[in-house]
Every structure is written in C-alpha cells, then in structure tokens.
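Protein chains in written order, with my numbering: chain A, 1 to 428; chain B, 1 to 273; chain C, 1 to 330.
Hints listed in this document are in silico derivations from the structure and should not be mistaken for laboratory results. Here the structure is a predicted model, which is why all the values come from computation and not from measurement. For every residue, glycine included, the Cβ atom is placed at its ideal position computed from N, Cα and C. Careful: at least some of the hints might be erroneous.
Think about it this way: if two alpha-carbon atoms lie no more than 25 Å apart in a straight line, the pair counts; the simulated DSS-like pairs of lysine-lysine are [said to hold, decoys possible]:
#1 B/K218 x A/K288
#2 A/K367 x B/K59
#3 A/K334 x A/K117
Taking CB as the label site, the calculated pair distances span [what the hints assert, rightly or not]:
#4 C/L319 x A/L219: 37 to 45 Å
#5 A/I425 x C/K325: 36 to 44 Å
#6 A/P372 x B/L62: 26 to 34 Å
Just a few of them, taken from the derived set where beta-carbon distance is under 7 Å, the chain B residues facing chain C [stated by the list, open to error]:
#7 G14
#8 A18
#9 P37
#10 I44
#11 K59
#12 L62
#13 I66
#14 F82
#15 L85
#16 G105
#17 L143
#18 H247
Listed below, chain by chain, are the residues.
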Amino acid sequence: MTSTRSKLRKIAATTVMVLSMSGIAAAADKPLEGVTLNVASMNDPFASVLATLAPKFKEETGATVKVDILDYGSLLTKTTADYVGHTAGYDVITMDIVWAGQYAQNGYSVDLTDLIKRDAKELNVDDIYPALMSSIGGYHGKQVAFPFAGYANVLAYRKDLFASAGLKVPETMEELVEDAHKLTDPSKKIYGFVANGQKGPAVAQDWMQYNAEMGGSILGPDGKPAINSPANIKSLTVYAELFQKAAPPGAADYDWGGREESFRQGLAATMQTWSVGAPGYYDPKTSKIIDKVAIALPPRGKGLPKVYGIGGWGLSINKDASDKQKEAAWTFIKWLVSAKVHKELNLLGAGSFLRKSEMVDADLKAKFPFLPLVAEVFDNGDGEYRPRIPEYPEIQDILGTAVNSVLVGHSDPKAALDQAQAAAIKLF
Amino acid sequence: MTITRFVPDLARRGFLLAMLAFFLLPFLWLATTAYKPSVEIFSIPPHFGFTPTFDQFAKVFLVFDIWRLIAVSMLIAGCSAFFSLLLGVPAGYALARSRHPLAMGIAYFFMAVRMIPAVAALIPFYLMMRDIGLIGSWISVVLINCMLNSAFVSWMMFSYFRSLPPELEEAALTDGCHQFAAFWRVALPAVRSGVIASTLFCVLFSWNDFLYPMFLTKLDSKPISVALLSAYGTKDITWGTLGALAHFSTIPIVLIVLFLNRYFVQGLTRGIH
Amino acid sequence: MSHPAKDGRRVTDISSSAEAGGPFAWRQLVSLPQSFADRRRLFLVAMTIPAVIYVIAIGIVPLARGIWYSFFDYNLLRPARAHFVGLGNYLDLFSDPDMAEALKNTVLFTVSGVTFQLVLGLAIALALWRDDRFNRICLTLILIPVTITPLVVGLIFKGLLLADYGLVGYYLAQWGLSAPQGLLASPSTALGTLVFIDVWEWTPLMALILLAGLKALPGDVLEAAAADGATPLQRLRLVVLPLMLPSVMLALTIRTVDAFRVFDSVFVTTGGGPGNATNTLMVYAVKEGLSFFNVGKASAIANIALLCTAVIAAAFVLLIRRADKKANGR
Numbered sequence: 001m002t003s004t005r006s007k008l009r010k011i012a013a014t015t016v017m018v019l020s021m022s023g024i025a026a027a028a029d030k031p032l033e034g035v036t037l038n039v040a041s042m043n044d045p046f047a048s049v050l051a052t053l054a055p056k057f058k059e060e061t062g063a064t065v066k067v068d069i070l071d072y073g074s075l076l077t078k079t080t081a082d083y084v085g086h087t088a089g090y091d092v093i094t095m096d097i098v099w100a101g102q103y104a105q106n107g108y109s110v111d112l113t114d115l116i117k118r119d120a121k122e123l124n125v126d127d128i129y130p131a132l133m134s135s136i137g138g139y140h141g142k143q144v145a146f147p148f149a150g151y152a153n154v155l156a157y158r159k160d161l162f163a164s165a166g167l168k169v170p171e172t173m174e175e176l177v178e179d180a181h182k183l184t185d186p187s188k189k190i191y192g193f194v195a196n197g198q199k200g201p202a203v204a205q206d207w208m209q210y211n212a213e214m215g216g217s218i219l220g221p222d223g224k225p226a227i228n229s230p231a232n233i234k235s236l237t238v239y240a241e242l243f244q245k246a247a248p249p250g251a252a253d254y255d256w257g258g259r260e261e262s263f264r265q266g267l268a269a270t271m272q273t274w275s276v277g278a279p280g281y282y283d284p285k286t287s288k289i290i291d292k293v294a295i296a297l298p299p300r301g302k303g304l305p306k307v308y309g310i311g312g313w314g315l316s317i318n319k320d321a322s323d324k325q326k327e328a329a330w331t332f333i334k335w336l337v338s339a340k341v342h343k344e345l346n347l348l349g350a351g352s353f354l355r356k357s358e359m360v361d362a363d364l365k366a367k368f369p370f371l372p373l374v375a376e377v378f379d380n381g382d383g384e385y386r387p388r389i390p391e392y393p394e395i396q397d398i399l400g401t402a403v404n405s406v407l408v409g410h411s412d413p414k415a416a417l418d419q420a421q422a423a424a425i426k427l428f
Numbered sequence: 001m002t003i004t005r006f007v008p009d010l011a012r013r014g015f016l017l018a019m020l021a022f023f024l025l026p027f028l029w030l031a032t033t034a035y036k037p038s039v040e041i042f043s044i045p046p047h048f049g050f051t052p053t054f055d056q057f058a059k060v061f062l063v064f065d066i067w068r069l070i071a072v073s074m075l076i077a078g079c080s081a082f083f084s085l086l087l088g089v090p091a092g093y094a095l096a097r098s099r100h101p102l103a104m105g106i107a108y109f110f111m112a113v114r115m116i117p118a119v120a121a122l123i124p125f126y127l128m129m130r131d132i133g134l135i136g137s138w139i140s141v142v143l144i145n146c147m148l149n150s151a152f153v154s155w156m157m158f159s160y161f162r163s164l165p166p167e168l169e170e171a172a173l174t175d176g177c178h179q180f181a182a183f184w185r186v187a188l189p190a191v192r193s194g195v196i197a198s199t200l201f202c203v204l205f206s207w208n209d210f211l212y213p214m215f216l217t218k219l220d221s222k223p224i225s226v227a228l229l230s231a232y233g234t235k236d237i238t239w240g241t242l243g244a245l246a247h248f249s250t251i252p253i254v255l256i257v258l259f260l261n262r263y264f265v266q267g268l269t270r271g272i273h
Numbered sequence: 001m002s003h004p005a006k007d008g009r010r011v012t013d014i015s016s017s018a019e020a021g022g023p024f025a026w027r028q029l030v031s032l033p034q035s036f037a038d039r040r041r042l043f044l045v046a047m048t049i050p051a052v053i054y055v056i057a058i059g060i061v062p063l064a065r066g067i068w069y070s071f072f073d074y075n076l077l078r079p080a081r082a083h084f085v086g087l088g089n090y091l092d093l094f095s096d097p098d099m100a101e102a103l104k105n106t107v108l109f110t111v112s113g114v115t116f117q118l119v120l121g122l123a124i125a126l127a128l129w130r131d132d133r134f135n136r137i138c139l140t141l142i143l144i145p146v147t148i149t150p151l152v153v154g155l156i157f158k159g160l161l162l163a164d165y166g167l168v169g170y171y172l173a174q175w176g177l178s179a180p181q182g183l184l185a186s187p188s189t190a191l192g193t194l195v196f197i198d199v200w201e202w203t204p205l206m207a208l209i210l211l212a213g214l215k216a217l218p219g220d221v222l223e224a225a226a227a228d229g230a231t232p233l234q235r236l237r238l239v240v241l242p243l244m245l246p247s248v249m250l251a252l253t254i255r256t257v258d259a260f261r262v263f264d265s266v267f268v269t270t271g272g273g274p275g276n277a278t279n280t281l282m283v284y285a286v287k288e289g290l291s292f293f294n295v296g297k298a299s300a301i302a303n304i305a306l307l308c309t310a311v312i313a314a315a316f317v318l319l320i321r322r323a324d325k326k327a328n329g330r
C-alpha cells in the first residue's frame, strides 16, 4: 500500500517535472509570458466572446487577458477616471464611436497612426472598410482607437404585416412614415413603428438617426450646434407624431432593451436598429417573430444621398500604460482584428463586423444571411450623424431631455429645440 | 384565548400576511425570471407561467466569477462593519455619557456625515486613493464605507446609550469597577439590540453600495453590486441574467438578516426595559 | 514641586520637575489626572477621538476639497479651461430651471415618501409588537425589500410596470388605471410611482426601527394604562406614541436624509425623465459629475443638497430634543 503510494508520488513528481520543462521550452516562443492585460469592455455581445477567446490568446502568446465587462455608464465613468487620474488601471479600452473627439482632444490613448503604418501588411488594412477606419477612432488626422466592432444601421421589418397590407418595403423616410401610420392597429396590438423614447442617450441617439435620414443635422456647416434649424424642427414634429400615433404606447419609456423586446414580441412592424441585434430576431430562444422578420437597408429621405448610419466600437490603448504593456496591447489588438480571429469572434456571436472578406465568407454568410446589407451600409457609411466632437456627451444629454419631453407631450418641438440650442451653444 | 382577543389577532395576522405579499411578490417576479427562457420573460398579454430552465444561471456563471464576487462583497461588508463598530460604538457611548456641551455637537456632526451625498466626496476621494496607491483595491471601499458607517454607528449608538439609564454603570463604577469594564460589561450588553441593528445597517449599506466600488475597484476586487450594474447594459437589459445574479446578491444577505434577526429579537427581549 | 489644586488635579510646577531630571519630569507632565471626574473625562475623550479623527481624515478632507472645487469652473475633461469663478456655479444654479425642478422633485419625493412610510411602518410595527413565532417569521420576511440592492429594486418595478408587456403595467394600461404609456413614462404619475417604489423598499426599515422603540417601552406604564381601562386607540395616542417619540424621530431622520439623497432607483427607472419630471438633486449631480466630469458644477449641486439636508436635520434635532425632554420629563 505504502509502496504503491510512493511509486505514484514518484510518477507524479516526474510528470510535473516534464510538464514544467515543456513549459520552459514553450516560453521561448511565447513573447508575452507573464504579461497581464486589463481590458475594459462594453457589455455588448462581443464582451463575453472576448472573455471566451482570452485563454486562446494566452495559449498563443503567453499573455493573460482579463476582461472587465461594464455597462455603458460605468465604462465611460471608470475609464475617464482612469485617464484623468493617470492610474493606468486598464491597458485596452473599448471606445464608442462618439467618444473619439474627447479621446483626441485630451490625448487619452495612444495615437495608432504610425503603428498601423508599420504593421499595415500584417493588419491587411485594405480589407477593413475605410468608413469604419475613419469614423471609429479616426479623428482630425489621429487614430485614437482601432476599429473592432462595426455596427450597421438597418431596417428590421415584419414581412407578414407588409404582405397582408399589400405594401412594399419602404425605401424613403416619407414612405416609412406613411406605412407606419397605415400598419398601426392598436386593437390588434400592432404598431407601425418603434424607437427609443426614454430620456437620455436612448432617445437622443435614435432621434439623431431619424433626423439625419430626414435631412436634419445637429451641427451647422461651421461645426457649431444648429439644433433648432427648420429641418430639425420639422423632423422632430414628424417623429413625435409617429410616437404618438404609430408606436407602442410604452415606447416613450423604451431604451434599447425595451425597443428590441417590443419588436421581438411582435408589437411593431418596423424598427431601425443596429445589425448587432439582428441575429436575435431569428433565434427562437429570444424571439417570437423568427419566420416573420426581414432586414432591409434603412430608408433615406427623398432626394438625399444614399448614405447609411454606422456605429460601433474601437479598441484603444491607454497612454498611461507602460511601454511593455502598450506593446502587448497592440499585439492583442492585432490578434483580435486579424481575419482569422475576427471571423471566429463573429461565429461565436459577437455581431461585430469589420472586414470586407467577412461579407463574402461562406461560413459567416450561412449564419448571418443579412451580411450583404451590412456590406452595403459599410460601403456608404456615415459615422458623423452623431457629431463625434468633444462636447458630444453634453449635447446628447441636452437632446435626450428635449426630445423626450416632446415625445411625452410636455413641450412642442420648436420650444424644446430652441431651449436645447441655447444650452448647447454655451458649451462652445 | 377569548373571542374578543381572537378577532383582533386574526385581523392583525391578516394585515401582516397582506403586507408580506405586498413586499415579497415583486421580488418573486424577478427571482422567477432567472428560471425562464429569455423568450418567456415577457409576453402579450403577460402571464406568470413558464417552462423552468437553468440556462440563465449557466450564462451568469459563464460571464461572471460569481464566487469571487460574493467573497469580495462579504469581505468588504464584514471588514467595514467590524471597524465601524470598533470606532463607532465607543464613540457613541462616550458622547452619550459626556456632559460636555461639545459632546452633543460631535454627535450631530456624526449624524451630518451620514448625509454627505456620495458624489460630493467621490472624485476627491478617488484622487486621494490614487495618491496612496489604493485604487483598484477593495481596501479603499472599506475605508470609505467605514467612514460613513462609523459616523452612523456613533450617532445611532449615541441615541441607544442615551436612552439607557446611567445608574447601572454608576453603581458599578462606585463599586470600584474600571471605566472600560463598566462600558464593556454593563452598558454594552444592555444595548445589544442597538449593536446588532447597527451591524445590520453597516452590512446592508456596504453590501448594496455600488457608486463607490464601481468607481474604486477593478475586475478582481469588485463586489457583486457592481456586477449587478453591469448586467444592466444599455443595449439590452438582460432580465434573466439580472434575475439569476440577484439570487447571489440577495441570498447571502437574507441569510445574514435571518441570523441577525434572531439575535435582534433576543436582544430586544433580554435588554433592560 | 506640586500641590493639589482645588478640583483635585495635580498641578505640576514645571521648573521644579525640570530639576528632578528628564524622564521623571516627563512622567510628571503627562501624569494621569487623579480625580474621578478627570479620569472619566479623559476616558470619554479617548473613546471618541479615534472615530472623530478617522471621519475627518477620510470624509471631511475630500469633502472640503469638493467644496473648494465648487468655486471653480472645473471640468476634468477640459482641465486647461479650469478657472476660479467664486460663487458663479451657485449663482448659475439659482437661475437654472433644471435645478429648481430637481429641488422641487426631491422635496416632494422626500416628504410624501417618508410620510407614507411612517404611517405604514407604524401599522406594521404595532402588528408585529407581540413577540410570537408568527411575528418573528413575518419580521424576517418583511425585511427582504431592505436587503435588495436599490438598483435591483428599481429594475424590478421597471420590468413589472412596462406598459406594453410588463406583468402589472400591461393590465394597468389595459384597464385605464394608468396613462397608455405607463406609470413611469407619464409626466403626471412618474414621481408618484417613484415614491411608491421608495415606500415599498424602505417601509420595512421604518417598521423595524419603530418596533425596536416599541419593545423598549417600559412595561409598567403600559400595564397601568391598560388597567385604567383606556381603549387601544387611546393608549396608542396618549401613552405609546409620546413615549416612543424618540425612536419615531430617529426613524424619520434616517429616512428623510436618505430619501433626500435618492439616486439608485431613479437612475435605473426613469433617469430623471420623462422630460425632467423626476430629476432629483442627486441624479442631477451624478450626471454632471460622473457623466460629464463637470466637477465644479456637480460639487455645487451636491453642496446645496448637503445644505438642505443639514437644515432638515437641524430641524429634526430640535424636535428630538423637545421629544426627549417630554419623554424624560414625564
């Protein structure tokens, strides 16, 4: 008994030795052994995929990646505190498209321009959509983040409702508005339209999108706020009417979650959304409209150029990190956006497209039949309808309150936008 | 029991049961979302029935390091409660027994500290923690929680000790009892219910506080309240995930309350009336 | 040379102890006071000092820095533009309609919420007064809302009250009991709904504190009142309530101060909306401070809130003192 045990112990000891020796051997080709990267990630579908892929990166390079998954507010607060306090708590930070102005102005992150030039071949930059590269992280000649998750604005609609009403898919905003009113039938709990109405970023972002599609603009040609322009007032009037007559009554309080849920529940006939949510409509685990839903290009106002909204997230490197960390962070970013890993990321459900090659990839196309639309949007992408200026968060907040109070009938479009303009101009 | 006492007793119990339903049913709804497939959490028209599943828990365990989150929460709550009592109970006692006019002022000062809006001190405190290198550590959360809690405990124990007649200790002191012993052996046991209530407050406060830990901790040192916040993403409130996470944030604290509650009632009945 | 002073303290003559040599003089200088009153005083001071020092070091110092910031136009995101504005932030806030609305909402929320909590909490405390098994179980279960993270409480009610598919909100809208867009989305009912949520969350705590007060009541007085043949209602009004006034005041102070600082539940349910209908001081301050890093303005809002609570608390303190006098002077 004792002898068996001691034999076992000997075998175990030998195994450990062998294993550790092979570990030493492996370390030679693992340049980042011992490095730990702290990643702050938005709680979007890519977050859990990042966490899933982290061990793989360790296997290949030796670096440990810790992914801190945060909600939007915490992410903005924590990373900003990290930057302004120079605490270097995070090495890699997911950056929302609209934060670029702040990042560039305050120099929070490493300017990646030279690194991209240096490693252009390895990155295969030509395969990345130029619109994503310039709007996610590109700002006044700097590249404050590397695009990582491109989201395309698309129109999700109910083909069954459109067919039974004898309508075709709307191509212009005017048609969409008309169809939305026609399709609405509260007695059947069917509404023609749904969008975010909740005070704050939710309502502001959705309205800015419809506003751009109707020919409005938040900034004037001089780059200063022009919130109460006639075009904006008109678009808000139409928008408010849609909310009051053609949207589910609760929409005035919807954020992204509420909006998507109402569409998946089958309440709404049309909804403009990010491509990242689209896989969910076809998933019987989350959706009640799996065989009734279709995706189309977002509508544009009659006579307006055919450009479509894009959004999404970039990866930035904290400027306060040590050089060693920065180098490791850049290796991690290059690894993530490489064609092979990025495809795997999407197969795992990240919904974060980036490369032209992904749009024609057979595996991805089989899983996401709407990819050609995403490609079309990225080819004609507009990442500026939400002004990516340093003052964006304040402007978004001002709009978030103004538009919401119009939607709930608390004030009229002109008065609300006049007041918003007065508040916004003070920021400049 | 006579019939005249029986009827009000029945009404009393009926009232309490109605209150229990009022206070528990909403929470029950969230708890059940954890066992529903995502597609069944909402429906039109809404109904309560569902096919049970553990998918939500599987997802929560995939995304969060649950046991670490709970352990950190316990560490923060436990440490801050312990040190708050250590600082606050003696202070409360001393202030209650002192006849110096300043004592009253200090007691009210402690009460005022509790009123400090978190955001007023948050950013300066962050910078202070940065300077001493405690950013990202749970210790910084204990430090700030302890500050708010010890002030509160001082104030609360101050009122408990004050309602305790001083004659008992005075008698002990005249018998040659050491001052600390008079506090420790005579006064303290008499206000046991107050100490337990204070502990309850401290634990609750630390356990549920999220603004400070959200700001001060990092991945390895964040408590479960902060994780709850991150389940409330902006693009999608994942109700099922939230329901499952809420189990882990609620069950430990309910157990603690269950446990302390026994002592609480004991303390109340054994204490001097 | 030393001699006993009038009050019994040893008064040390420094010149004479210097003659006697270093260590000895030192010991004499710090020699413990001999009289009981002095030792008592020293003991009490020693018991208080650690807490006071700790609170000042960890709490007041950052707070003072926050007050200092409130005199600057100071945005952490645009540090280069920071400059001293004196009372500028405060003057801006006085003419700021959002601030006026936030203040009004906060006061309405606090007063109505705490009033409902007091009435309901007192009823529950009285029902729980008798110490039996049933009551002990009830007491434990009823405490559950208090233990739930306020953030989650807000989300529970948000989910339940959704007008289009929420378990409760759907039927309220269907039966015409709420506006079609739901209780939280309608400007006229949103604040009331938040009060309801606060009542749900904090009434049990109120009941707990009041119950502790009830249980501490002297039994002999109650028995005497019962023997006098007073009806239960009379006993409650004339004997119980006056006697437990200190604990009522304690409960009111705690809840008023906390309600005034309400943030979590508002933040996750309405974010201050619709419009600004439920914007409270803390929601406003946190938005300015943690979303825009407008430290100067955020500090100014927080300081105004602090001032308001201080005034409220001072009022309570006066009431408590009067209540004390009454309860003790019986």
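To see whether the hints hold, each was checked on the structure:
Distance hint between B/K218 and A/K288 is unfulfilled; the C-alpha atoms sit about 38 Å from each other, more than 25 Å. Simply put, A/K367 and B/K59 have alpha-carbon atoms about 22 Å apart, close enough for the 25 Å limit, and the pair holds. For the proposed pair A/K334 and A/K117, the alpha carbon gap of about 13 Å is at most 25 Å, so the pair holds. Against the hinted window of 37 to 45 Å, the Cβ-Cβ separation of C/L319 and A/L219 comes to about 55 Å, which falls outside the hint.
Separation of A/I425 from C/K325 is about 58 Å and departs from the stated range, judged on CB atoms against 36 to 44 Å. At about 32 Å, the beta-carbon gap between A/P372 and B/L62 stays in the expected band of 26 to 34 Å. Evaluation of the B/G14 hint against chain C yields a violated restraint, the C-beta minimum of about 10 Å exceeding 7 Å. Because the closest C-beta pair between B/A18 and chain C is about 10 Å apart, greater than 7 Å, the hint is violated.
Against a cut-off of 7 Å between C-beta atoms, the interface hint on B/P37 is violated, since the closest Cβ of chain C lies about 15 Å away. A hinted interface residue such as B/I44 counts as satisfied when its beta carbon comes closer than 7 Å to some beta carbon of chain C; here the least separation is about 5 Å, so the hint holds. Interface hint status for B/K59: violated, as the beta-carbon distance to the closest one in chain C is roughly 17 Å, over 7 Å. Nearest Cβ of chain C to the Cβ of B/L62: about 21 Å, over the 7 Å cut. The hint is violated.
Hint status for B/I66 relative to chain C: violated, with the closest Cβ pair at about 15 Å, above 7 Å. Against a cut-off of 7 Å between C-beta atoms, the interface hint on B/F82 is violated, since the closest Cβ of chain C lies about 14 Å away. This hint is violated: B/L85 has a C-beta 11 Å from the nearest C-beta of chain C, more than the 7 Å allowed. Given hint, B/G105 at the interface with chain C, is violated; its Cβ is 11 Å from that chain's nearest Cβ, farther than 7 Å.
Given the 7 Å rule on beta carbons, the hint for B/L143 holds: about 6 Å separates it from the nearest Cβ of chain C. The interface hint given for B/H247 is broken, as the beta carbon of that residue sits about 11 Å from the closest beta carbon of chain C, more than 7 Å.
Of the numbered hints stated above, those contradicted by the structure are hints 1, 4, 5, 7, 8, 9, 11, 12, 13, 14, 15, 16, 18, listed in ascending order.
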